[in-house]
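Chemist: In case you want the letters, here they are:
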Amino acid sequence: MATLALIQDNLPIMLWGTGVTVLVSGVAIILGMPLGLVLCFGLTSSSAWLRRVSRVYQSLWRGTPILVQLLIIYYLLPLIGINVAPILAAIIALTLNTIAFQAEIFRGGLLAIPPGQMEAARMVGIRKWSARIYILIPQIFRLIIPSLVNETISILKNSSLVSVIAVTELMRVSQQIVATTYRPFEIYITAAIIYIVTNFLLSLVGHAAEQRLARGT
Amino acid sequence: MTQFLDLWVQYAPLMLAGLVTTAWICALATVLGIVIGLILACLEGLDAKPLRWAVRTYIEIMRGLPILILLFVLYYGGPSIGLRLDAETVGVLGLGFYGAAYFAEIFRSGFQSIPKGQIEAARMAGLTGTQIVRHIKLPQMLVLITPPMVNEVIILIKESAVLSIITVAELTKNTTQFVNETYAVIQPYLAAALLYWLLVEAVAQLGKFVERRVRF
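Here the protein sequences come in this chain order: A and B.
Just so we're aligned: 65 in numbering that gives the first Met the number 0 is position 66 of the first sequence, and the numbers increase by one with no gaps anywhere.
Just so we're aligned: 7 in numbering that gives the first Met the number 0 is position 8 of the second sequence, and the numbers increase by one with no gaps anywhere.
The shape of chain B in the complex, shown without the other chains:
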């Protein structure tokens, strides 16, 4: 039993460093995803068919694609078209662009929940499109979209394990290093599962807190 725990103590710095990398990459990707997702959802709501069509295509492609393929295209395929990015950047961009499609769908469902009359009234009162989104749509739909948004962040955290395959030193990558150096299997993966679970649980609790705050 002590031997079991010794390995954990010995490798705690490596595993925690991995957890921190996973956390900041996911945080940046979430911000990127939410910003692009909101832009996509707004564009889709405009009265321009080609624009709407382009947004739909983007969303359908992202939703039909394994994230691993997206990362490989960016990381290994990028250089052959002159796009050289380091693994972490690919990780943030890949997760961000991928998440954006899902966030866009969440925002769209939120926009749909706002009664049309309100928008018409706001327009009559002379509010611009951005003002309508900022002051009328977003505040009302926050209650509705917070749970699926939190869900999506949790999904992104779990998807981020895939970044280990393109050599990002995040939690899963460091776990495999732990395995390779010690030939132990149970301790590293058990620790990884626990740390992921901790991170996910923390996000879920944060989500619950936000949920309480956005309720009127």
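Isolated chain A, as found in the complex:
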């Protein structure tokens, strides 16, 4: 029963940490959406120069470990005179990372939409960005909900890495509890369960969203 008491004592602070985890990953995902769309239109742009720049950005952020990205952002920003709180550095790093992945998801959705639609819209005189916002984007979102939920889960899992730059999210809180209680097994298993439950809830939300959007067609 000592185990139960231990978990009961520490659960509130762990749930608080979960809140930070959800906040950091949620903000990153939401900020990443419009920026990911912009990068997606960059990747599919008619300008070769814009395409190249977009591809380099995407290749860099998809080709390096997120831990390295996080450390670079955290240690590099102060060097160029920008002092940010760890949590902000974490959000910036996760956002810049998810942009690259979301752009690829959006590109997949974009490819599934017949190009004739865009041509027709341009013919009737709708401006490029208006057509993108009102015609392409709503359809893209309907197609890519499952992938977007996957990306959200992956960012939520990766957000455990921001513990290394002292953001007190679930992982960091667990480490701190272990440091004072010397009960790593119980605490880390509890944290594991919290992560799994959170991700399970996320996939449920994803399913519900999918069904609602499917009805919209």
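Since the hints were derived computationally from the structure, they do not count as laboratory data.
It is possible that some hints are incorrect.
Stated by the list, open to error - Chain B is nowhere near these chain A residues, computed Cβ spacing over 12 Å in every case:
#, residue
1, A4
2, V26
3, G62
4, V123
5, Q138
Stated by the list, open to error - Label-pair distances were calculated between CB atoms; the ranges are:
#, chain 1, residue 1, chain 2, residue 2, range
6, A, L14, B, L4, 46 to 52 Å
7, B, R122, A, Y133, 27 to 33 Å
8, A, G25, B, D46, 38 to 44 Å
9, B, L197, A, F140, 35 to 41 Å
10, B, L197, A, A4, 46 to 52 Å
11, B, I38, A, A4, 35 to 41 Å
12, A, L14, B, T56, 23 to 29 Å
Predicted model, so just to flag it, every value in this text is computed and none were measured.
Even glycine gets a Cβ: it sits at the ideal position worked out from N, Cα and C.
Guided by the hints, dock chain B onto chain A, whose structure is given.
Modeler: Only chain B this time, still in chain A's reference frame:
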């Protein structure tokens, strides 16, 4: 500029040693992951509900868990249930078990791509389950599953950076040592990013080569 490069020259052995560690840990983890993943996918295909349920649970747990938590449970939690492993072993096992769930999903999608009639025909011809997997399913699905498998290996290489947190002297760990000893930031991380990118690119090229070989 020379100062910039001097640091690189000075720390090249450390960084390369880290790269080698990252590479062999990922290689072992990939082999482990593919073997367990294939076993899981085969078990899931059997006609036994409890077995299928157990495999699904394993996959869902692994896919819902940050790898960092898995490593911490094994490395720091292990000793309290009598499981003492060194950091490298935890790294290989952790990445392997984690990757296995993803490899299993890839194999499952591959198995699904084989028309049912072929399996029935093979069974009629008297082939055993293992023979069917070995001679009928695997060769045909290789074309389909090679790209996602290569993708997964690349993901594992990137995830392996997390092993630095449990003190494995791999590329990221050695990079932080580089930072701590020199107070330089740009050179170490730039070098790390380049080396990771090199490794990932090498795997991608290898994947393309394999892809060409498995095409009929």
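Chemist: Range first: 46 to 52 Å. Now tell me if the beta carbons of L14(A) and L4(B) are that far apart.
Modeler: Once the Cβ atoms are compared, 50 Å apart, the range 46 to 52 Å for L4(B) and L14(A) holds.
Chemist: Is the Cβ of A4(A) farther than 12 Å from every Cβ of chain B?
Modeler: 17 Å, holds
Chemist: Quick check on a hinted range of 27 to 33 Å for R122(B) and Y133(A), using CB atoms only.
Modeler: Given about 54 Å between the Cβ atoms, the range is violated.
Chemist: Determine whether the Cβ-Cβ distance between L197(B) and F140(A) falls within the hinted range of 35 to 41 Å.
Modeler: Since L197(B) and F140(A) have Cβ atoms about 36 Å apart, the given range 35 to 41 Å holds.
Chemist: Against the range 46 to 52 Å, how does the distance between the Cβ atoms of L197(B) and A4(A) compare: consistent or not?
Modeler: Holds - the Cβ-Cβ distance for L197(B) and A4(A), about 51 Å, lies within 46 to 52 Å.
Chemist: Note whether the CB distance of L14(A) and T56(B) lies within 23 to 29 Å or breaks it.
Modeler: About 24 Å separates the Cβ atoms of L14(A) and T56(B), which means 23 to 29 Å holds.
Chemist: Do the Cβ positions of G25(A) and D46(B) conform to the proposed distance bound of 38 to 44 Å?
Modeler: 42 Å, holds
Chemist: V26(A) clear of chain B by more than 12 Å, beta carbon to beta carbon?
Modeler: 18 Å, holds
Chemist: Holds or violated: the 35 to 41 Å window for the beta-carbon distance between I38(B) and A4(A)?
Modeler: 39 Å, holds
Chemist: Does G62(A) really sit off the interface, with its C-beta more than 12 Å from all C-beta atoms of chain B?
Modeler: 5 Å, violated
Chemist: Per the stated criterion, does the least C-beta distance between Q138(A) and chain B lie above 12 Å, as a non-interface residue requires?
Modeler: 26 Å, holds
Chemist: For V123(A), is the shortest beta carbon distance to chain B beyond 12 Å?
Modeler: 40 Å, holds
In this structure, the earlier hints numbered 3 and 7 are contradicted, and the remaining ones agree with it.
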